[in-house]
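Join the two chains into one complex using the hints; note that each chain is given alone, in its own frame.
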Amino acid sequence: MTPLLEVRDLRVSFPVGEGRTIHPVDGVSFALERGRTLALVGESGCGKSLTGLALLRLVPMPGRVEPSSVIRLDGEELMTFDEEAMRAVRGGRIGMVFQDPMTSLNPVLTIGDQIAEAVRAHRKVSKSEALARAESLLAEVGIADPARRLGEYPHQLSGGMRQRVMIAIALAAEPEILIADEPTTALDVTVQAQILELLDRLRTQRGMAVLLITHDLGVVAGRADDMCVMYAGQIVERASTRQVFEAPAHPYTRGLFGSVPTITGPRERLTPIAGSVPPPTAWPTGCRFAPRCPERFARCVTMPSLRRAGPGHESRCWLTGDEP
Amino acid sequence: MTAPAGTAPLLDVRDLVKHYTARSLLGRTAPPVRAVDGVSLTLGRGETLGLVGESGCGKTTVGRTIIRLQEPTSGQALLDGIDIFTLGPDALRAFRRRVQMIFQDPYGSLNPRMTVGDAIAEGMDIHNIGTRLQRRGRVASLLDEVGLDPGYATRYPHEFSGGQRQRIGIARALAVEPELIICDEPVSSLDVSVQAQVLNLLTDLQRTRRLSYLFIAHDLAVVRQVADRIAVMYLGRVVETGAADKVLSSPRHPYTVALRSAVPEATVAPTAGRIVLGGDPPSPAAPPPGCAFHTRCFHPRRDERCRTERPELRPLGGVQVACHYAETTPV
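As given, the protein sequences belong to chains A and B, one line each in that order.
For the first sequence, my numbering begins at 1 and goes up steadily by one.
For the second sequence, my numbering begins at 1 and goes up steadily by one.
These are computed hints drawn from the structure, not numbers from a lab.
Every residue gets a Cβ at the ideal spot worked out from N, C-alpha and C, and that includes glycine.
Careful: at least some of the hints might be erroneous.
Derived coverage of chain A by chain B (criterion: at least 3 residues anywhere in the stretch with Cβ under 8 Å from a Cβ of chain B; other residues may be distant) [to be verified]:
| no. | stretch |
| --- | --- |
| 1 | 182–195 |
| 2 | 207–217 |
| 3 | 252–263 |
Chain A is faced by these chain B residues, among others (derived, beta-carbon under 8 Å) [said to hold, decoys possible]:
| no. | residue |
| --- | --- |
| 4 | Glu54 |
| 5 | Pro178 |
| 6 | Ser193 |
| 7 | Gln195 |
| 8 | Leu220 |
| 9 | Gln225 |
| 10 | Val257 |
| 11 | Arg260 |
| 12 | Glu265 |
| 13 | Ala266 |
Simulated DEER-style distance windows between Cβ atoms [unchecked claim]:
| no. | chain 1 | residue 1 | chain 2 | residue 2 | range |
| --- | --- | --- | --- | --- | --- |
| 14 | B | Asp144 | A | Thr2 | 55 to 65 Å |
| 15 | B | Arg307 | A | Asp145 | 34 to 44 Å |
| 16 | A | Gly310 | B | Arg98 | 54 to 64 Å |
| 17 | B | Asp144 | A | Asp145 | 53 to 63 Å |
| 18 | A | Arg20 | B | Pro288 | 54 to 64 Å |
| 19 | B | Arg274 | A | Lys127 | 36 to 46 Å |
| 20 | A | Met61 | B | Arg132 | 20 to 30 Å |
| 21 | B | Asp118 | A | Ala31 | 45 to 55 Å |
| 22 | A | Arg242 | B | Ser188 | 27 to 37 Å |
| 23 | B | Pro288 | A | Arg148 | 15 to 25 Å |
| 24 | A | Gly321 | B | Arg113 | 51 to 61 Å |
| 25 | B | Arg98 | A | Ser44 | 33 to 43 Å |
| 26 | B | Asp144 | A | Pro294 | 21 to 31 Å |
For reference, chain B alone in the conformation it holds in the complex (with noise of 0.2 Å):
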């Protein structure tokens, strides 16, 4: 996946990999589980790149391995052209101010013996910003741009609602004043009403600060709200990506079609015939060879190809997509 012409990608991934092994009782080695199988992607300045699939797909390990909570199996990632993977601790350090989280459960993120001020504050005090006056003006200056009041500073996370606890996860990351955020799930847990405001605010943040999202989700109407590109996952690899609006209307991956056809949309307009895929997706310990969505495709022209060669990501119709006959995918 290539980045917007003449603009180096602020973060840059390269084929990565992140398998787990697992010794059974008899210290057999058991396969290891892809979770991620070769994934690269960029993201620009100031840009959204939706990171969507179901569960077990892999995505959440890829924002994971990228903010270095988990060491990837291989794999590049560049941050501005530095290797994120080989940063000694130093750099690890000035690397967390740059890039931070939002997860999607601000309640488990935020520690519940710690006022809402300190816990904003905390990657402040650790990176050495301001006095500790002028980081308490910081701390209500960013409640007030998340929309709380400056005057929560004092009281602790339980006192507030799932949305406001997902705002203060969102100060508290702004604090160091990131470029990039990477964004896994931030709004699954919140209702719908709460959804939409929450989204918005992430929207004017990115417009006010100029911050990059790596926007992490399982839900395509979601991430087609925010995101300008998107990429899909299935089994730990990208199998279709593109401008969002391209890949959301003219979907070429079969299973990119299935997503998009699955998702109940709230509308009663008569829709296109729904394809309803059958099975569960295959597990990423024992991933099918071949195309791993072989297993569930409707494609009416898959065969043994599929069932034998993995097929690649390549440019077609302004998209990329890694499916053997996407030139007759039916959509």
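If we strip away everything but chain A, and leave its shape as in the complex, we get (with noise of 0.2 Å):
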């Protein structure tokens, strides 16, 4: 069976001056099935969300998104659509919600308009019917007395309750796919709980694949059923949430691991990884993460391949398995 979504190498280019490009996306591959949730993990700068909205080839300029990548969505390729086939795509069969709600809401339309205008986006009905949408789509996103929220503006709600509003918006058009990147970083941890639980109730529900785009280990383990660590513009682990968390194979990735204190469990010092991310312009030729790596030798200046690690497990690096 086609996955739902399915990535192969895209690789995002930006001019940096002097005829020199850099590709802060470079070779992403994955793909997402109806119905699951995916993971892409790493720092800042390592081009988790520059690939979601890759994906939208939303690249802001001067970047883009190099025409040999393949993204295929139920099989066809988006990468030979047009602008306006794309304007049909993004917020319709496959919806994003972002990090911060209160600069993606326009301050000055009601919670019901914006709401509603999503809804008409996608659908021929008429005013009072995206209306009445609106307000089903916000009981559906948990908001209690939706009738009187609609009349309100992005001001008057709370950090959480503006982030079940973009969620609203984004499921008007009834989307395959919701892009959700950082979608609780900017919120209280026990309103992060809350918006959590909505995404996974909304993918059962609906059937929906989610695309989870987080720094946080800890959103990723309750939530994704499969996940890829990036670092440095490349897949550097891959595999279930399960496989990475019990074995992870990638020395970032057990970097990552040992970086994050816990809430439970002895207290013990933690192992942080030396150094920081590089910029794109800095990367070295060979292992990206190499320069950083407790356990780098020889053969890591020249750039290994995902290499099998188990099962659907893989991690890019020439430690792993026992290929040559």
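Given below as structure tokens:
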């Protein structure tokens, strides 16, 4: 069966002057199946957010998605779509929710108008039908007293409620895929838990696929079926979430786990990764993690490809697996 | 809350209140925002007290008031028995040598037009510590101590990453050899790998310099990593406080239980049933009567008393908790 979304060798380029080009997303491949959650995990600058934007061809100028990239939505080649066709995909078959709901909402329009607008962008219905649909969407995302909230403005809502409104807007077009980019990062932890529960419930009820982009391993643990760990524009590890958490194969992934303080278990000194994430202009030619890697050896001056660490488990490290 | 037996606390905050009043356009006085509404805490020498809670709970205001960036509405804060809030200008300057602050955004707290060396030396200049040459030597050794190249002294803040800037902020705080550092979300804007480096650095500095930290953060796991004791705040008040391990392993206040349960733990081991609180924290301008948490509480015994009678902190099983029914809090 073809996956709902198939991404192969996705590459985003940005000119940086003097004829030089950087690739902040550099050969990313993954597949997203119906009804599942796939997480893209990594620190700032790893390319995870840009990957999400690239899928919708929303890469900010002067960047561009390299034409050799393959993005297939239910077998259709999105890279061949013109701008008008892409507009129907964006907010249509693929919905998107961002970190900061305040900047994504229009401050001078009511919540109801904004959701109704999203409904009408994808379906020919009357204004009043669209508002009725907006009300049921608000109820679906767990907003109490939705009829009253329709007439309110974004500033009257809490951060958590605004994020629920953004999700309602994303749902308006009945998307098959929801890209959620750090959807809870700006929220308090008790509200974060509510939003993550909501996304999970919607995925189950609607059979939606979710691409969850996050820096937070804790968010991934409870919610994603599968995960890709990204570092310096590339996927460095890929497997089911359980496999990655139980036996992380890539030294970077292990470094991330060693950096995260925990709330249970013995209190131990953290074992952070040395140094910091290099900017795309300073990526080494070999393994990009090598300069910070405690396990680097001679071979790391050449770039490893993703190697088999186990069934359905790959890692971009020469120490992974027993292939030559 | 009491200090460990036999030691006088370095910092003793008693019934701290900070209300903000705003006048509306028509000159009517709006109800005050009760940002901090009667907070008492103590901090011993060489100890870390973690002050945790969600946005708007007043934790940052507590820190800023203690260091006199904001004036309190009422209450006392004693540093070694000296009342911080009544200090005159000269005494305040001496106080600022003893207490320093590290902020969340190290970029916002560094002057972009001042070299890193000058920024670190600024405190020493103000307090007339050492000769010019000695100060330059101090800057180099401070940079080294926080894990930066001493040669960075001549560079400007924008040349550094977030983690490096936070190290600069720490070096700047250390320059006047304080006894107490108020750390306000010091790692929350950093990537996890860098966050861990800074947490380890703070731990090491505490040991070598016998520093006390008031560590303000929203992240329970981060606080657990550094704190000896913690105080959990909700709507301007401390609802539970005690030894960090004790409070986090067997929380007694329903809010602590929920906060603890909401922490997304980086493990796939089966976790106990998650408690997801409904709604948002109420506004500190209109805190609910009685127990401020009663509007979101899930305690099976919550009742009329919770809606009318405000629970005070009381000792229970080695911690202090402000809940009428803490004995039967479901965990």
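Hints and how they fare:
| no. | hint | verdict |
| --- | --- | --- |
| 1 | 182–195 | holds (count 7) |
| 2 | 207–217 | holds (count 3) |
| 3 | 252–263 | holds (count 9) |
| 4 | Glu54 | holds, 4 Å |
| 5 | Pro178 | violated, 24 Å |
| 6 | Ser193 | holds, 4 Å |
| 7 | Gln195 | holds, 7 Å |
| 8 | Leu220 | holds, 6 Å |
| 9 | Gln225 | holds, 4 Å |
| 10 | Val257 | violated, 11 Å |
| 11 | Arg260 | holds, 7 Å |
| 12 | Glu265 | holds, 6 Å |
| 13 | Ala266 | holds, 4 Å |
| 14 | Asp144(B) with Thr2(A): 55 to 65 Å | holds, 58 Å |
| 15 | Arg307(B) with Asp145(A): 34 to 44 Å | violated, 21 Å |
| 16 | Gly310(A) with Arg98(B): 54 to 64 Å | holds, 56 Å |
| 17 | Asp144(B) with Asp145(A): 53 to 63 Å | holds, 59 Å |
| 18 | Arg20(A) with Pro288(B): 54 to 64 Å | holds, 59 Å |
| 19 | Arg274(B) with Lys127(A): 36 to 46 Å | holds, 40 Å |
| 20 | Met61(A) with Arg132(B): 20 to 30 Å | violated, 50 Å |
| 21 | Asp118(B) with Ala31(A): 45 to 55 Å | holds, 54 Å |
| 22 | Arg242(A) with Ser188(B): 27 to 37 Å | holds, 29 Å |
| 23 | Pro288(B) with Arg148(A): 15 to 25 Å | holds, 21 Å |
| 24 | Gly321(A) with Arg113(B): 51 to 61 Å | holds, 52 Å |
| 25 | Arg98(B) with Ser44(A): 33 to 43 Å | holds, 36 Å |
| 26 | Asp144(B) with Pro294(A): 21 to 31 Å | holds, 23 Å |
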